[in-house]
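Let the hints inform the model, and build the full structure from the sequences given.
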Amino acid sequence: MTNKTVLVIDDSRTIRQLVSQTLESGGFDPVTAEDGAIGLETFQTKRFDAVLTDINMPNVDGFGVREGIRRGQTNRKVPILAL
74 MTNKTVLVID
84 DSRTIRQLVS
94 QTLESGGFDP
104 VTAEDGAIGL
114 ETFQTKRFDA
124 VLTDINMPNV
134 DGFGVREGIR
144 RGQTNRKVPI
154 LAL
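According to my numbering, the sequence shown holds residues 74 to 156 in order.
Everything labelled a hint here was simulated from the structure, so no lab data went into it.
There may be inaccurate statements among the hints.
[To be verified] The list that follows gives simulated cross-link-like pairs (lysine-lysine, BS3-like), each with its CA atoms no further than 30 Å apart:
#1 K119 x K77
#2 K119 x K150
#3 K77 x K150
Now the structure itself:
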């Protein structure tokens with residue numbers, strides 16, 4: 074069985090590491106991005122099973138991430154959870 078891949082977007086390195094470690098211990102494969110703009114770019118690179126995003130970030134905030142994913146044509150119904 075293949076692990077589920079989760080995109081973790083947060084401008085705090087500490088939070089990204091903590092969330093990634095927690096996901097890994099639960100059998101998930103986390104991929105991280107350090108802000109919303111990079112997160113949206115990363116989202117286009119592969120199919121993710123879920124997205125965990127911070128709300129307050131530079132460049133593109135969590136609301137912008139949600140809007141960018143929902144407006145796109147790729148995997149637009151992916152679950153998005155805000156931290």
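Against the structure, the hints come out as follows:
1. K119 x K77: 12 Å, holds
2. K119 x K150: 14 Å, holds
3. K77 x K150: 15 Å, holds
In this structure, every one of the numbered hints holds.
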